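Participant: Mind docking chain V on chain L? Use the hints.
As a plain string of letters, each chain reads:
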Amino acid sequence: MATQTARLRLCDLQLAQGSRTVLEHINGEFRDGAITALIGANGTGKSTLIQGIMGMLKPIAGRVECSVPKERRAWLPQQLALDLTFPMSVEELVMTGSWPSHGALKGYCAAHYRKGREIMSRLGISHLAHRPLGELSGGQRQRALIGRTLMQEAELLLLDEPFANVDSETVEVLMTVLRDMARDGATIIVVLHDMEQLSRLASEAIVLAGGHARWAPVESFLQQPIADSPAPFLTHAISGVGSC
Amino acid sequence: MLTLLHEWLIAPFDYGFMRRALIASFALSLAAPPMGVFLVLRGMSLIGDAMAHAILPGVALGFLVAGFSLPMMSLGGILSGLLVAVLAGSVSQMSGQREDAAMASFFLISLAAGVMIISLGGSSVDLTHVLFGSILAVNSTSLLLIAAISSLIVITLAVIFRALVVECLDPLFLRGQGVRGSLAHGVFLGLVVLNLTAGFQTLGTLMAVGLMMLPATAARFWSKRLEGLIAVAIGIALVASTGGLLLSYHFNIPSGPAIILLAGVGYVFSALFGSQHSLLRRLRRHAAPLGAPEPH
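One line per chain: the protein sequences are L and V, in this order. Numbering-wise (the numbering used here), the first sequence opens with residue 1 and increments by one. Numbering-wise (the numbering used here), the second sequence opens with residue 245 and increments by one.
Just chain L, same shape as in the assembly (with noise of 0.2 Å):
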């Protein structure tokens, strides 16, 4: 149930990596049920200000105002610090997701199985549940990890491009899946560099450039022709950051 409310808020948020100011004066806020698109040139701040939202990176100045419970934020990094040789099969490390919630010491009822098939069966990764981490495709790997984020029950989810190296089919099961859950009222912020993925999934976007972030409709910019390449309609995007 998509709602008006929003449970993360940037205010006037700086942060920096080291002595160097990456991002200041974020204002904005994140509607719940909403799926909002970070965009923006390398080397901008997408990864630093989902650090920030997370709380690994100490803002400088500002604040970040989240009520969503620790235990219901999830983070999909790029650069995953998944240890693929570990020994756990698909279905423990979707089972993984309900951890936080559920405490150190109690074992898992029947009702957390059931909701671990379904939801590999939603993802369609359930002829794969015993099959250990290392011997998955990349596809296979990020709708394992997309499982466990749906066993955590996330209603903060960050992705940071989520669909880099990954084949077509696994991105139309996981746009559905993403959307599903944004429905369910989860706030969902997703790094994305295709313009065509952005137009289908996100329903805002916040560009950032020069140290500055803008929230912007997604119509916006779906008005102006979307190019084969992302790179002349990031250009203009970005060129109206100058003036905030």
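Wrong hints could be hidden among the right ones.
Some, not all, of what chain L presents toward chain V, calculated at C-beta under 8 Å [said to hold, decoys possible]:
1) Trp75
2) Pro77
3) Pro87
4) Trp99
5) Pro100
6) Leu105
Straight-line C-alpha distance at most 30 Å; calculated DSS-like pairs for lysine-lysine [claimed, not checked]:
7) L:Lys115 with L:Lys70
8) L:Lys106 with V:Lys468
9) L:Lys106 with L:Lys70
10) L:Lys70 with L:Lys58
11) L:Lys115 with V:Lys468
A few chain L residues that face chain V, going by a derived Cβ cut-off under 8 Å, partial list only [what the hints assert, rightly or not]:
12) Met54
13) Met56
14) Leu82
15) Pro132
Honestly, the hints are just simulated from the structure, not real lab data. Just so it is clear, the structure is predicted and the values come from calculations on it, not from any experiment. The beta-carbon is built from N, C-alpha and C at its ideal position, and this holds for glycine as well.
Facilitator: The following block gives chain V in isolation, referenced to the frame of chain L:
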């Protein structure tokens, strides 16, 4: 035949010291291998070795102050082990030197300091006992201490198990939950130190790490699952400890090396004939045809 078996396998345990040693090594065999499995999975196989050296100066100081008293030597060992871990961690954080380099420097200093301290205060027999263990040394107090430390390790490991698994598997997932992975990591290193101090009485400071690592590295050749790895590692440790104690009794050799050498035999056997990635498996490698059901 039965008499012979009895004489070889059962009769030695008529002696109290052999029974105590057996129970002590069983307690260690339950506590140490799971730690080893995590060390291997975290790519920290050599940290256990470094820690084993790090406890030596403390053990030696305890020995110098109170003689062959396990509680005092253990306390010293725990303190010096933790001190080295903290020092290595801080030096690497402050200077930017890699943690393994800082750790290597400190454990070498520790080893030299430990051997020096024992040589100052005792004989070469004492040094051999501290370095390589002696089953004769396990009295009831020591047994109680070993059992208590082992129980503490198993319970703590159970409590931090999920955090440890997630931290090994995907540290960013844990950080995303606002849980500091370094806490689980610190507690885990503390457990490694505790485990080594519990083990040095039967195995010696230098050999205690063997019961942690060899069963764990051998288990990698038998299972693809975490629970399987831990179960196999514990099994290998139990067999190696029992066998090692018997060899030590019958052939009058130090118990530590006997147990660890048996675990080593287990490792070589596993590497050659294990069901996963072993040499034999690689030679007989074949894949299921397309469309075959998933192996469960």
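Participant: Please verify that hint: proline 87 of chain L, Cβ, nearest Cβ of chain V, below 8 Å or not.
Facilitator: 5 Å, holds
Participant: Per the CB criterion, is leucine 82 of chain L less than 8 Å away from chain V?
Facilitator: Where the cut-off is 8 Å and the nearest Cβ of chain V is about 5 Å from leucine 82 of chain L, the hint holds.
Participant: Taken at face value, is the distance from the CA of lysine 70 of chain L to the CA of lysine 106 of chain L at most 30 Å?
Facilitator: With Cα atoms ~19 Å apart, lysine 106 of chain L and lysine 70 of chain L stay inside 30 Å; holds.
Participant: Hint proline 132 of chain L vs chain V: min CB-CB distance below 8 Å?
Facilitator: At 6 Å from the nearest chain V Cβ, proline 132 of chain L passes the 8 Å test, so the hint holds.
Participant: Within 30 Å, alpha carbon to alpha carbon, are lysine 70 of chain L and lysine 58 of chain L?
Facilitator: Roughly 16 Å between the alpha carbons, so the hint for lysine 70 of chain L and lysine 58 of chain L holds.
Participant: Is the interface hint satisfied for leucine 105 of chain L? The criterion is a beta-carbon contact with chain V at less than 8 Å.
Facilitator: For leucine 105 of chain L, the interface hint holds, since the closest Cβ of chain V sits about 7 Å away, which is under 8 Å.
Participant: So, as I understand it, the hint says proline 100 of chain L touches chain V; can you test that by seeing if any CB pair is closer than 8 Å?
Facilitator: 5 Å, holds
Participant: Please work out if lysine 106 of chain L and lysine 468 of chain V have their alpha carbons no farther apart than 30 Å.
Facilitator: The hint holds at about 24 Å.
Participant: With the threshold set at 30 Å, check whether the alpha-carbon distance from lysine 115 of chain L to lysine 70 of chain L stays at or below it.
Facilitator: 21 Å, holds
Participant: Just to be careful: measuring from the Cβ of methionine 54 of chain L to every Cβ in chain V, is the smallest value less than 8 Å?
Facilitator: 6 Å, holds
Participant: Tell me if tryptophan 75 of chain L is really an interface residue toward chain V, meaning its C-beta lies closer than 8 Å to one of theirs.
Facilitator: Because about 5 Å separates tryptophan 75 of chain L from the closest Cβ in chain V, which is inside the 8 Å limit, the hint holds.
Participant: Answer holds if the nearest beta-carbon of chain V is closer than 8 Å to that of proline 77 of chain L; otherwise answer violated.
Facilitator: Status holds, d = 6 Å.
In the structure shown, no violation is registered for any of the earlier numbered hints.
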